[in-house]
Amino acid sequence: MLISCVAYQDGKRLAEIEPQDIHRYLAMPGCFVWVALLERDPAVLELMQAEFDLHPLAVEDARHGHQRPKIEEYGESLFAVMHLLEPDNGGIRNGEVGVFAGPNYILTIRSGAEHGFGEVRARCERQPEFLRNGPGYVLYALMDAVVDRYFPLLDGLETELDVIEERIFAGMTPRENVESMYSLKQRLVMLRHAVAPLLDGVNNLYGARVPAVCAGMQEYFRDVSDHLQQLNQAIESTRDTIATAIAVNLSMIGLQENATVKRLAAYGALVAVPTMIAGVYGMNFEHMPELEWRYGYALATGLMAAIDGYLFYRLRKAKWL
Amino acid sequence: MLISCVAYQDGKRLAEIEPQDIHRYLAMPGCFVWVALLERDPAVLELMQAEFDLHPLAVEDARHGHQRPKIEEYGESLFAVMHLLEPDNGGIRNGEVGVFAGPNYILTIRSGAEHGFGEVRARCERQPEFLRNGPGYVLYALMDAVVDRYFPLLDGLETELDVIEERIFAGMTPRENVESMYSLKQRLVMLRHAVAPLLDGVNNLYGARVPAVCAGMQEYFRDVSDHLQQLNQAIESTRDTIATAIAVNLSMIGLQENATVKRLAAYGALVAVPTMIAGVYGMNFEHMPELEWRYGYALATGLMAAIDGYLFYRLRKAKWL
Amino acid sequence: MLISCVAYQDGKRLAEIEPQDIHRYLAMPGCFVWVALLERDPAVLELMQAEFDLHPLAVEDARHGHQRPKIEEYGESLFAVMHLLEPDNGGIRNGEVGVFAGPNYILTIRSGAEHGFGEVRARCERQPEFLRNGPGYVLYALMDAVVDRYFPLLDGLETELDVIEERIFAGMTPRENVESMYSLKQRLVMLRHAVAPLLDGVNNLYGARVPAVCAGMQEYFRDVSDHLQQLNQAIESTRDTIATAIAVNLSMIGLQENATVKRLAAYGALVAVPTMIAGVYGMNFEHMPELEWRYGYALATGLMAAIDGYLFYRLRKAKWL
Amino acid sequence: MLISCVAYQDGKRLAEIEPQDIHRYLAMPGCFVWVALLERDPAVLELMQAEFDLHPLAVEDARHGHQRPKIEEYGESLFAVMHLLEPDNGGIRNGEVGVFAGPNYILTIRSGAEHGFGEVRARCERQPEFLRNGPGYVLYALMDAVVDRYFPLLDGLETELDVIEERIFAGMTPRENVESMYSLKQRLVMLRHAVAPLLDGVNNLYGARVPAVCAGMQEYFRDVSDHLQQLNQAIESTRDTIATAIAVNLSMIGLQENATVKRLAAYGALVAVPTMIAGVYGMNFEHMPELEWRYGYALATGLMAAIDGYLFYRLRKAKWL
Amino acid sequence: MLISCVAYQDGKRLAEIEPQDIHRYLAMPGCFVWVALLERDPAVLELMQAEFDLHPLAVEDARHGHQRPKIEEYGESLFAVMHLLEPDNGGIRNGEVGVFAGPNYILTIRSGAEHGFGEVRARCERQPEFLRNGPGYVLYALMDAVVDRYFPLLDGLETELDVIEERIFAGMTPRENVESMYSLKQRLVMLRHAVAPLLDGVNNLYGARVPAVCAGMQEYFRDVSDHLQQLNQAIESTRDTIATAIAVNLSMIGLQENATVKRLAAYGALVAVPTMIAGVYGMNFEHMPELEWRYGYALATGLMAAIDGYLFYRLRKAKWL
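Residue numbers (this note's numbering), protein chains in the order written: chain A, 24 to 344; chain B, 24 to 344; chain C, 24 to 344; chain D, 24 to 344; chain E, 24 to 344.
Hint data in this document are derived by calculation from the structure and do not stem from the laboratory.
Honestly, I wouldn't trust all of these hints.
To be verified - Here are the simulated DSS-like pairs of lysine-lysine, each with C-alpha atoms no more than 30 Å apart in a straight line:
(1) A:K340 - C:K93
(2) B:K93 - A:K342
(3) B:K342 - A:K340
(4) A:K93 - B:K93
(5) E:K93 - C:K93
(6) D:K342 - E:K342
(7) A:K342 - C:K93
Said to hold, decoys possible - Where chain D lies over chain E, by a calculated footprint (3+ residues, C-beta under 8 Å):
(8) 27 to 40
(9) 239 to 247
(10) 271 to 282
(11) 288 to 302
(12) 305 to 311
Just so it is clear, CB atoms sit at the ideal spot from N, CA and C, and this is done for glycine as well.
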């Protein structure tokens, strides 16, 4: 589905154009065309391939989708794939955007994600002094937008982890903690799969030899790379912290079992000792002087109570109870 | 066993030829021969070595089989080994295919796998504009087919893991879960052994200096490499997830033990307390006023029931029962 | 907030100047200006950007803060970010300082940290023979100061770890140990995030090709790098030690549970055996000769005591008690 | 101890010669000398050092033994050390062979291993067309033989691991399993120490710049490297599998403990409930109607049996018994 | 504190000289001065800095001590730091030696270690043919001595580990085992900190571009590097083994707990069953025929003994006892 198809000249918006006229604008000096598609539509893709002369392998990747993030050179043009991650019902929805960037065109194909790039286009159009740089700048602006959207997701995961940590140390809901950490880790892996390969790709856009499309924009792409590295480092730390938290939770489970066994033992003792005394005075010996005492019964039950009281005091002090 | 032996010229099928005539076709301009063998047969291999002038070390590797995936240059020709993985009775059967690719020939030796490459040949013959590129393109087409067959296998493993995860968190069948995860990991290792070394090899087919056979096909081999990287990343994630799942399962086992101990303690208490009371009234003291009461017995059993009822309520509330 | 703005010539302090006059001093030969700001103030930053002609991306990073440590070249100037870590209520407060270093200026923006760099300026002014090297030397002096402040923090963490280790092996407070180790690890991660990326950055300041600002100062920056490597190595060791300590603590918890179960069993035995004997003599058989013995009761209780005494002796010897 | 000392010319055996005459043969064109020593004998080594003009540091290494595998260049000659591993009483005996390879000599010093290289020499002598390549080919043949002997060792370890795995999942002999896995890992480490450093060394024998001795033999040494990589990969997998198996065994131990506790609880219940009922009817209340019933005793024991039967049925169903 | 200060010419000892005369000897052709200091003394260091014209940053490092091992070039001279490890009361004492090596001088500053380098000097003076190589050779001789002293330390740690392993598998002293392994690991880390960074440093002394001081000595420094690699590999293996041993010990603790629970259950059964039988015959039913039997009591106790005997037999067979 075509969202928009606009021609720009010298950083300024020329006109919304028809897809069929693209090749005419591509021929105009200082002019480039920016097309945005939603969801992969074979027919539209075929038209675009013809208009922009896209490489068949890149088009095939764009058609199939579910690519890992990457930035590939095909002659003078670039094909970039980025993951679009959106929170979705406690999970993460994994969409993607494919970007074809050539000397005088930029084509984006978004799929599986709701949040579009209209605001990126609007900001670009408000800054013709930057947009004058052409498709390379648009590629940067799109990347910057995609990467910036990863940060709140990561913040959310870190906040979740903080909550789980508190529950772990409070000894609360160990089973739920394990489940939450597992789910957290799965989502972190999704984020890592979006960030790490993209970082590898972006690093080729600001070194010694950069693709022609990105020439003169090195400092911008280094900035994107810097943000990706920041994300990457935070993801690695969070992974590491989750691993430690799982180990810690296991220790906590061990400690709780220990405590349970102790309480079991303690209560057992409080019941077993009176039972034993009662057993003694239940024996049928003919000569058991206590049995005939006036207050024998009272003394026996008193003895039971006294021993239990003492045991209770000791066990409480030893923190078994 | 010879499956087929066909000569091609300018991307078009010339004829099915006899192995003994191969060298005659090799001498024709723009012509190449594509031979497919099934299972390693020393006699046929010797013939092929003579016809194609293959390097003895490569032939020895092909004869022995059980190689790790690799792509090796021998002068002007390449020798590639790839693993063919096929689901087999809950496990994976590990076959392999050796490919010799020279300037004007391609020779494949498949063994230990049922799924052949007839469909690859058919597709190549339908696209003479690509097949015109010669043995390099056939090598690509074979690789692409082999790699594409890894994806459903990996999907299967991921689905299995999802099932195990659910069982873990439902606290079901912990022993079977461990066994399943172990078996899953073993199969994942087989997949990794097929993918990782091949990735190393393919990376040499699209860089600055590529073997002559693959010249002009860099973008195709980069595409294969891209698929292999995607597999590799998914394999690493799955490995990591299995490791975490094993740790989580251990926590779950600890939690279940905890729960078992608690239930044991709870039921123990429900029995021990009445036993103690019974013991008290079983004592033989002469002066125990309750014993003479009309409703002493009823009171005693009532006391037992009341205490047990209260304990049951408390233990249930504390989730020990 | 402006802390100070001073012009230097040939290593000597010229004068405290007004920010608006900076560009006039920049034009003087052998002169450089050193400005120190506290907390990020958009208005002042804008003024500085204009006076020093700073790169907009670097200024944006400085304005936002919460950057990872880095050293970036923008044309002839450098932009460095370093973390300022200060102990804070058992945790670590994570401030940062951004440093712009150009051919004839140095601008520092400190935020989120109390400890400033007044002493660095004072020491620099006392050593005009070094300060003559210009902004490169000031950059070194600032880095050296920042890095030197990491050492006592790390020492503190190592001391904490020593205390926890002792408690682990004394079998004390296992729950608190786990919590302390977790908290320790979190702070160690903060330190690592301050050190590791900075090390990457500094390594580019003393190799074959160094930025013009740092020319001739290679041995100084190598010294900083050396200190960072020392920190890095110590951090890795401490991380590793914490991981081992968590595993060891888990073993200790297992051992304590073992000991608890043994004591429970031992005390149980001391109570259960007399109960059994009492049960036997509580049977109502008509012909039980012991019941009629004169000292039957004494013998029975004596038997109980003797068996318990023997059990106690054996259990103590086996360290179950 | 000298095993043999033979001169070769143009790939053919000239004669068994005396060590003192070596230098005379070295002077003959197209001639090389192959000496095999057993166990390190200082006197013989000194003679060899003089005859072949060996580098003192290499000779010192050869004299001391217990080197890690390596391949070192000393001017025009190579000094290689390889580990010789032989199964020995359930363990692995770690011998070693040092090889000096110069332009016209090859000297091997075997120690601590029983299996010699007589068969390698015999095979070389049967193939003069290869032996014509000189000491470089002999070095390859020796390496190939050493590396080929690692494979059955590794197979043995993998088979052992399979046996242990089966025992783990059958829940058998957990203590022995742990011990076996530990011992397996120790032997695997010995194998890894033989393989990994040798792989590093061999990789320098077939790249862009190879030592003169190995010139023209690149494909052969790449083949050795390929086998070493295959071993290396298998070793890493086995290590990984052992680590997982140890974790799995721990889970199994936890599960068994769980099962033990459940059985303990179940049997406890079967005894405790009748005890409680017996206690109730052992109370001495004057008014307990059941006591006077004709079939009270039968009813009471019947009640005990019925409850136990029901419990048994429930516990068996819940797999506690 | 000055230990010795000697001038050498052409590999032969000239004379013990006064520190103040050093610069005079430095001016003589073919002459170099070797100074050995003990413990860092600021005054002496200042004198040395003046005589040898040492770089202030290197001198500052030497003054402060507690450096990580390193080898740094300062113009024409080298500054090397190595750790001196000496067994000390079950732990390791961590001393260090700083070595300044210039074209015509060598200066060593030892601190925190008792074992000096007198024997190195003596051996060097006995071999003027080597000492003629100048300060580079002395640097090698010192390094070789330092590295050779690491081997017995490592052997000691490996022997300790063997003892712990035996205790683990014998099921002895699990608590002490954990403590010993932890302490072992700490000392191993000290050794690793001495070895790994030095290895990095030495690797720059025998490659393509070596410092002038070490020119022509490549094979010697490669030999040192080889020893360091051997140490490094052994350290890594031992680390790995300790990690496995800690995991194994945890399994053993679990197994012991399992055994404890079983014994507890077994002894419990032996006591509980007679108690139950006694309870039954302690019931007060009027009609209990057994009570009136002549040998009822003997039968009841016989029954108890028989059941216990049978249980004991079964439990012993099942290895619960």
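Against the structure, the hints come out as follows:
1. A distance of roughly 55 Å separates the Cα atoms of K340 (chain A) and K93 (chain C); the hinted pair therefore is violated under the 30 Å criterion.
2. Pair hint K93 (chain B) plus K342 (chain A) does not hold up; C-alpha atoms about 64 Å apart against a cutoff of 30 Å.
3. For the hint linking K342 (chain B) to K340 (chain A), the alpha-carbon distance of about 25 Å falls within 30 Å, and the restraint holds.
4. Distance restraint check for K93 (chain A) and K93 (chain B): the Cα-Cα separation of roughly 25 Å lies within the 30 Å cut-off, and the hinted pair is therefore satisfied.
5. Straight-line distance between C-alpha atoms of K93 (chain E) and K93 (chain C) comes to about 25 Å, which keeps the hinted pair within the 30 Å bound.
6. As the CA atoms of K342 (chain D) and K342 (chain E) are separated by approximately 21 Å, the hinted pair is consistent with the 30 Å bound.
7. Between K342 (chain A) and K93 (chain C) the alpha-carbon distance is near 51 Å, which puts this suggested pair outside the 30 Å criterion.
8. A stretch counts as covered by a chain when three or more of its residues have a beta carbon under 8 Å from one of that chain; for the stretch 27 to 40 of chain E and chain D the count is 0, and the coverage is violated.
9. Chain D is given as covering the stretch 239 to 247 of chain E, and this holds because 4 residues of the stretch bring a CB closer than 8 Å to a CB of that chain, at least three being needed.
10. Residues of the stretch 271 to 282 of chain E lying with their CB closer than 8 Å to a CB of chain D number 8, which satisfies the three-residue condition for coverage.
11. Three residues within the 8 Å Cβ limit are the bar, and the stretch 288 to 302 of chain E against chain D gives 8, so the coverage statement holds.
12. Residues of the stretch 305 to 311 of chain E lying with their CB closer than 8 Å to a CB of chain D number 7, which satisfies the three-residue condition for coverage.
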